[in-house]
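**Q** Residues per chain are reported as follows:
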Amino acid sequence: MELFKKLKKHTKMSFLNYGIVIVFYIVIQILAMSGHLTNSLKGQLIPIVSYVIMALALNLVVGISGELSLGHAGFMSVGAFSGVVVSMSMAGSAPEPVRLICAILIGALLAGLAGVIIGIPVLRLNGDYLAIVTLAFGEIIKNVMNCLYVGVDGAGIHVSFKDAGSLGMAADGKILINGPIGANGVTKLSTFMAGTVLLIIVLIIIQNLVNSRTGLAIMAIRDNRIAAEASGVPVTKYKLIAFVTSAAIAGAAGALYALNYSTIAPKKFDFNTSILVLVFVVLGGIGNMTGSIIAAALLTILPELLRKFADYRMLIYAIVLIIVMIATNNEKVRAFVNGLKKKPAQEEAK
Amino acid sequence: MSDKAQTPVLQTSHLGIDFGGLTAVDEFNISIAPTEIKGLIGPNGAGKTTIFNLLTKVYQPSRGTILLDGKDTRNMSPVQVNHAGIARTFQNIRLFDQLTVEENVKIGLHDHVKYGMFSGIFRLPSFWKEEKRAHERALELLDIFGMANEADVRADSLPYGAQRRLEIVRALATQPKLLLLDEPAAGMNPSETEELMNNIKKIRDEFNIAVMLIEHDMNLVMGICENIVVVNFGKIIAEGTPTQIQNDPQVIEAYLGGRKEED
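Protein sequences, first through last, are from chains A and B. The numbering of the first sequence is our numbering, which starts it at 1 and goes up by one. The numbering of the second sequence is our numbering, which starts it at 1 and goes up by one.
A few of these clues could be false.
What the hints assert, rightly or not - So the derived label-pair ranges between C-beta atoms look like this:
hint: 1; chain 1: B; residue 1: Q98; chain 2: A; residue 2: A318; range: 46 to 56 Å
hint: 2; chain 1: A; residue 1: A335; chain 2: B; residue 2: R74; range: 48 to 58 Å
hint: 3; chain 1: A; residue 1: I120; chain 2: B; residue 2: E140; range: 17 to 27 Å
hint: 4; chain 1: A; residue 1: S34; chain 2: B; residue 2: K114; range: 51 to 61 Å
hint: 5; chain 1: A; residue 1: V27; chain 2: B; residue 2: K114; range: 57 to 67 Å
hint: 6; chain 1: A; residue 1: G285; chain 2: B; residue 2: K202; range: 37 to 47 Å
hint: 7; chain 1: A; residue 1: L125; chain 2: B; residue 2: N92; range: 43 to 53 Å
hint: 8; chain 1: A; residue 1: M13; chain 2: B; residue 2: K114; range: 24 to 34 Å
hint: 9; chain 1: A; residue 1: P180; chain 2: B; residue 2: F122; range: 15 to 25 Å
hint: 10; chain 1: B; residue 1: Q91; chain 2: A; residue 2: V27; range: 51 to 61 Å
hint: 11; chain 1: A; residue 1: I120; chain 2: B; residue 2: G187; range: 40 to 50 Å
hint: 12; chain 1: B; residue 1: Q98; chain 2: A; residue 2: L105; range: 26 to 36 Å
Calculated from the structure, these hints are not laboratory results. Heads up, the beta-carbon is just placed ideally off N, CA and C, and yes, glycines get one too.
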């Protein structure tokens with residue numbers, strides 16, 4: 001305990017986050033072993049982990065870099081479909097965990113590449129303009145995915161933007177991505193354990209990045225761009241680092257998410273998904289990683305838990321969102337929570 | 001001109017900038033010796049801060065050249081100008097509000113802490129070594145102004161005077177050859193100003209750098225500046241030692257509107 005007190009505040013926060021994830025994993029495992037895990041919750045585990053990772057990725061841009069991105073579902077989409085192509089084209093030639101790891105890595109890589117291509121023009125803008133342009137790019141990615149056809153045969157991978165017939169595949173060819181229909185017959189490779197491991201790795205990357213020279217530079221630009229430049233911090237470089245890291249992590253989340261379903265269509269990753277993830281970030285607290293984890297997990301489970309309200313489900317979901325929003329921004333509620341936090345410390349002092 | 005043998009740390013010639021049809025600065029020629037303390041004074045709106053913004057390339061000059069240590073800064077960005085040796089503070093304080101005092105100084109050290117993004121993520125030995133060095137250096141620099149015990153305080157919760165001092169420490173951390181101070185004593189009481197004066201001299205002597213400062217507090221300007229440049233309407237109207245400036249009729253006219261100053 002003495003040792004723990006000596007640690008810096010942000011180191012404590014980092015360990016708190018690892019702790020939350022590990023405890024969550026253990027609790028779910030215990031529930032599963034004792035047979036208390038309902039099927040609907042079981043089906044939600046990987047989406048929960050994926051959305052938590054998405055929320056962390058977006059928080060890196062919104063909270064740490066201070067730029068609003070409304071197109072993060074686009075990067076998730078790039079990761080999802082490249083992950084599907086990688087895992088399916090490796091079918092039979094590699095064991096399942098290897099296929100999953102390759103799918104996530106390539107998904108992250110390609111989403112990161114998309115982040116570079118989009119980030120270079122977009123990051124010249126600030127504030128609202130940047131938000132609108134990221135929104136546009138998110139839609140562009142969705143529409144590109146809508147007319148993307150990918151197939152694989154003995155000769156390798158074929159890509160077309162016209163239709164499935166123009167892929168020109170041999171007789172043994174198999175269509176992996178079929179335009180707006182998306183991917184069919186995907187082998188479900190994602191497991192809750194793999195998701196948890198990925199989540200821990202993502203947490204390590206984001207938290208260590210934030211608590212390093214790089215993260216400090218990114219936050220300095222957020223707080224005062226002119227002063228950062230005058231202090232010798234290259235603004236574009238660090239904005240791009242934050243944006244691309246975030247895009248790559250979103251791609252990894254996308255691959256994990258897609259490989260949990262047998263069918264996945266491009267329209268899953270539309271504007272609504274971008275906004276949903278933004279809601280997680282805002283409700284969890286901008287720049288607060290712990291908040292992102294909790295908000296993303298709870299709000300992903302919530303619609304399932306509200307299923308007994310049947311038709312009123314989304315209505316209650318919306319009311320809960322509003323209540324949380326009001327509560328977290330209410331000074332009295334905040335003062336109350338801060339009071340709870342301070343009490344133990346004061347007692348010690350006495 | 002005894003220091004002609006030394007290359008000036010900063011030399012400008014015919015420097016000027018127009019905003020639309022308005023000429024904000026014109027024919028601005030100065031030369032700063034390597035360890036000189038130079039004052040830049042003038043009435044409100046004379047273009048003093050604009051000159052700082054030109055020197056640090058926040059504004060691109062419309063004409064003229066800036067030689068920093070003999071090198072032309074024509075194609076440099078504000079970041080490159082900082083790396084080349086000019087650091088500054090701001091008239092309206094620009095700290096990194098949500099970061100701590102120590103972290104603000106570490107941003108100043110950014111270019112001098114040598115580890116990459118990957119050593120940061122994977123916490124390689126270079127991360128620990130360089131972070132320790134940066135931490136020690138930051139505390140050393142803060143100690144100049146006696147602020148080392150406030151290292152973990154958030155920058156925006158510091159009192160006004162301390163925020164101004166922190167800006168100077170952050171600028172010093174970038175290891176400049178020339179430090180530009182934009183109204184460092186604004187909002188300080190006489191005793192704080194006195195302390196600031198001593199500290200500016202101490203910084204110049206310890207770090208062997210040149211300082212140029214904009215200031216309205218004449219006690220400070222006359223007390224520490226070896227040379228003073230007076231600008232009005234974007235042009236230099238007088239240049240010389242404090243005594244010369246105090247007796248210059250053009251300066252008196254600019255400040256007092258044509259009547260002789262009675263002391």
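**Q** Evaluate each hint against the coordinates.
**A** Here's how the hints hold up against the structure:
| no. | hint | in the structure |
| --- | --- | --- |
| 1 | Q98/B to A318/A: 46 to 56 Å | violated, 31 Å |
| 2 | A335/A to R74/B: 48 to 58 Å | holds, 55 Å |
| 3 | I120/A to E140/B: 17 to 27 Å | violated, 39 Å |
| 4 | S34/A to K114/B: 51 to 61 Å | holds, 53 Å |
| 5 | V27/A to K114/B: 57 to 67 Å | violated, 43 Å |
| 6 | G285/A to K202/B: 37 to 47 Å | holds, 43 Å |
| 7 | L125/A to N92/B: 43 to 53 Å | violated, 24 Å |
| 8 | M13/A to K114/B: 24 to 34 Å | holds, 27 Å |
| 9 | P180/A to F122/B: 15 to 25 Å | violated, 41 Å |
| 10 | Q91/B to V27/A: 51 to 61 Å | holds, 55 Å |
| 11 | I120/A to G187/B: 40 to 50 Å | holds, 41 Å |
| 12 | Q98/B to L105/A: 26 to 36 Å | holds, 34 Å |
Checked against the numbered hints listed earlier, the structure breaks hints 1, 3, 5, 7 and 9; every other hint is satisfied.
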